[in-house]
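Kindly generate the complete structure, drawing on both the sequences and the hints.
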Amino acid sequence: MNLSFSPEDLKFQEEVRTFLEKNYPADVKRKMDNGIPLEREDHLKWQKVLSKKGWFAINWPEEHGGTGWSITQKHIFQNELAAFNTPNIVPFGVSMCGPVIYTFGTEEQKERFLPAIRDNDVWWCQGYSEPGSGSDLASLKTKAEKKGDKYIVNGTKTWTTMAQHADWIFCLVRTDSSGIKQEGISFLLIDMKSPGVEVKPIITIDGSHEVNMVYLDNVEVPAENLIGEEGAGWSIAKFLLAHERTGIGGIPHLKREIKRLREIADELPLNDGFLKDDNLFMDKLNKLEIDLLSAEFTELRTLAAMSAGGHPGPESSILKIGGTDLQQALSELFVEALGYYAHPFMSESDLASNEKRIGPDFAATVMPHYLNFRKVSIYGGSNEVQRNVIAKAVLGL
Amino acid sequence: MDFALSEEQKQVQELITQFIAKDYPFDVREKLVKSEDGFSKEYWKTFGEFGLLAMPFPEGDGGFNGGPVDLMVILEAFGTGLIVEPYIPNIVLAGNLISKLGSDDQKKEILPKLFSGELQMSFAFTEPQSRFDVNDVTTSAKLEGDNYIIDGYKAVVMNGPASDKFIVSCRTSGSQLDEDGISLLIVDKDSKGLSSRDYSNVDGSKASEVTLENVSVPKSNLIGEEGKAFKTISQVIDLATLAISAEAVGIMQKMNELTLEYTKTREQFGQTLSKFQALQHRMVDTFMVHEQTKSLLLMAAAKMNDNAPDSSKAVSALKFQIGSAAKLIGEESIQLHGGMGVTEEMSIGHYFKRLTTIRTIFGNSDYHLKRYSSL
Ligand SMILES: Cc1cc2nc3c(=O)[nH]c(=O)nc-3n(C[C@H](O)[C@H](O)[C@H](O)COP(=O)(O)OP(=O)(O)OC[C@H]3O[C@@H](n4cnc5c(N)ncnc54)[C@H](O)[C@@H]3O)c2cc1C
Ligand SMILES: Cc1cc2nc3c(=O)[nH]c(=O)nc-3n(C[C@H](O)[C@H](O)[C@H](O)COP(=O)(O)OP(=O)(O)OC[C@H]3O[C@@H](n4cnc5c(N)ncnc54)[C@H](O)[C@@H]3O)c2cc1C
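Chain order of the listed sequences is A and B.
Here the first sequence is numbered in this note's numbering, starting from 1 and rising by one per residue.
Here the second sequence is numbered in this note's numbering, starting from 1001 and rising by one per residue.
A hint or two may mislead.
Okay, derived cross-link-like pairs now, EDC-like style, lysine to aspartate or glutamate, Cα gap no bigger than 20 Å in a straight line [as the list claims (entries may be wrong)]: (1) Lys1327(B) - Glu332(A); (2) Lys141(A) - Glu1267(B); (3) Lys1264(B) - Glu384(A); (4) Lys276(A) - Glu1267(B); (5) Lys1275(B) - Asp136(A); (6) Lys53(A) - Asp33(A); (7) Lys1327(B) - Glu384(A).
These aren't lab readings, by the way, just hints derived from the structure by calculation.
As structure tokens, then:
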């Protein structure tokens, strides 16, 4: 056992830092540092910086444009991205659909879809959930009927994150309703520009437009957009959910935010001193940091096990629960740091405008973030469902 | 020992419950929140006609002799309907400061209009650095001839945008944290040198940042004795803490009801969510916490009613509990609603937002734990 970085690792870290200092676009950075909501183009601009360098699809096999980095290098890279406060990578293409295609797709599909994901030319979204099928995803009803060399798709997807920006959607659809519900599900790629696709916004309690309903009305999809066999959709989905659960803990980001909260506590006036003089507050901050260490090293153990062979398994549920608990606890601590100044509400357009903020500069996004982050224990398989997974698959109950 | 409400109190409760059912459904509330004023001035006058605005004041002041228990009854009922009309800033804060300390002339000029709903007021007592300490006052007032000259900044002043008049806590002597040397002055919204930045809060209420530069008010606008306001401010903040805790308990009750209802209708895996034992236990916990919090509410209201020597301590115990109960019930309710819980469309998220801001208003759990220990 050796948990320290080698000289090569440190050199790599320096390389990443230098690259980010030079290439992280200043306008995107300004928005990130000032809590201004990002537009589609901002995400793309940033992600293109990485894809041009070949540092975007870092987890992919090298033959498809992956980096071949060790887990330590990946760990270093993620931490540096977070330390520079870069935007989260939109995961639907690079972390979800890509791995599905290179694992289950035909050669033709790999050639057709992977380069555009790796180079950030196509924006993907995830069409799993439906109004009647949330936790019980396998009960999904969106129907795909084979007619000649096409599927005709009808149904409603919901909670589709950033569908308003997406070019393509990967969907779970029902191709067979006769047998066990899991066995009639297929994995289908749909061009959002197809006639019959309609996107309607869902506004969340923080006032933002992040999720959507996606209506599919007699949408014609070429049969060659099916990934894997008909009926293989569920096992593909399970493979993908495990992938989704590893990155979801957001640990590097949490490390940066804890550091930021410490800096805030040093400077935020409280009576005739500063917030850092409030022992109860600082105790909570320190406890959170200990929990974070535990989560970080649990993640590293999982990653090490993965790199020794195999895919992330049900253990990734532990990371999801632990990481999201921490994200929520930290978002709450930011609210506490602000006292009354957590309450003023600025809309996304207020934030984007040059209007002066109310209270401390960092205040405006704190409460929206707390409210928005209720989602992290709900999406990607709720934390209750994760516990069911651990009970069943890990503890054997 | 009797926990029962009086007949009159039950009637008040019934009146408000019916008002909410008939005139204040969630979609109406949403329209009001999004309107220019952020609440209904018409409903505010209706509350005046109901007698709710004059309820917790002595008969001598034109009130109905109600006390903390009556206040609790009103606010708890308001909480169930998420009533956004500014009862606490106008009635509990401004009204009580005038009633307890004001001169006869001040009472005559202000209270009748406050009780009828014609006049809007607020209490400007927080500053950026003061957090929950009402003794932390840097806004200064200096007597020059027959006028006080006020300079300073007040933060997140509840009901600021609608207010015709502010009551401003000012330092007339002593240093930043001294309890001595704090005075209350009535300042008209349109006074020269007063500027306010108005905005909405996440819970649908409205507030202002108020800057005072060389604002001159006549000496007769001083409420009570110069430099001696701290004790009364503390008492009034205690009362307001009780009131907002009652509102929170009403919200908790409603959130538990809504969640129970939702889990009984939403089906996943071929059964209603309410059938999952993992969720049943959580709903049992939120049910218990609501009951336990209500017990502390009744205790604190009764102690304040009796002017018990430990009533401030009881209020801190209550608000400490409100903080943790609001977190548990608020967050669990959203979680059990799944994705629907985070939508703007459903009422549950709006109850959650108000319950969340209440955790902070007049002191969060940490603050009241410290205060409890010190009293
Ligand atoms: C902001 C946000 C973004 C999202 N993005 C996407 C996306 O891009 N694509 C996509 O396909 N989906 C997305 N989702 C959907 C998400 O995956 C679902 O919300 C999630 O699966 C939960 O489903 P539900 O909302 O229908 O809740 P329900 O399944 O109705 O669950 C309600 C509550 O019951 C609990 N529960 C359900 N079953 C059980 C059980 N067996 N035992 C114990 N408790 C149980 C749940 O944990 C939850 O607390 C997103 C959701 C949100 C909120
Ligand atoms: C100190 C002591 C004094 C006692 N005194 C008396 C007495 O005076 N008279 C008397 O009749 N009995 C008495 N009991 C027995 C007591 O009532 C039983 O221990 C109790 O009913 C639990 O049964 P069990 O021990 O068989 O545990 P089990 O029923 O085997 O339960 C084991 C665990 O599983 C949990 N569990 C069981 N069923 C469920 C479920 N459906 N859902 C969720 N969790 C579940 C339990 O909560 C427990 O944690 C006493 C026990 C103790 C420890």
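Against the structure, the hints:
Distance check on the hinted pair: Lys1327(B) and Glu332(A) sit about 10 Å apart at the alpha-carbon level, within 20 Å; holds. Using a Cα cut-off of 20 Å, the hinted pair Lys141(A) and Glu1267(B) holds, with the two alpha carbons roughly 14 Å apart. Using a Cα cut-off of 20 Å, the hinted pair Lys1264(B) and Glu384(A) holds, with the two alpha carbons roughly 17 Å apart. A threshold of 20 Å between alpha carbons decides the hint, and for Lys276(A) with Glu1267(B) the separation of about 47 Å lies outside it, so the pair is violated.
This hinted pair checks out: Lys1275(B) and Asp136(A) have alpha carbons roughly 14 Å apart, not beyond 20 Å. A C-alpha spacing of about 23 Å is found between Lys53(A) and Asp33(A), which places the hinted pair above 20 Å, so the restraint is violated. For the hint pairing Lys1327(B) with Glu384(A), the CA-to-CA distance comes to about 18 Å; that is within 20 Å, so the pair holds.
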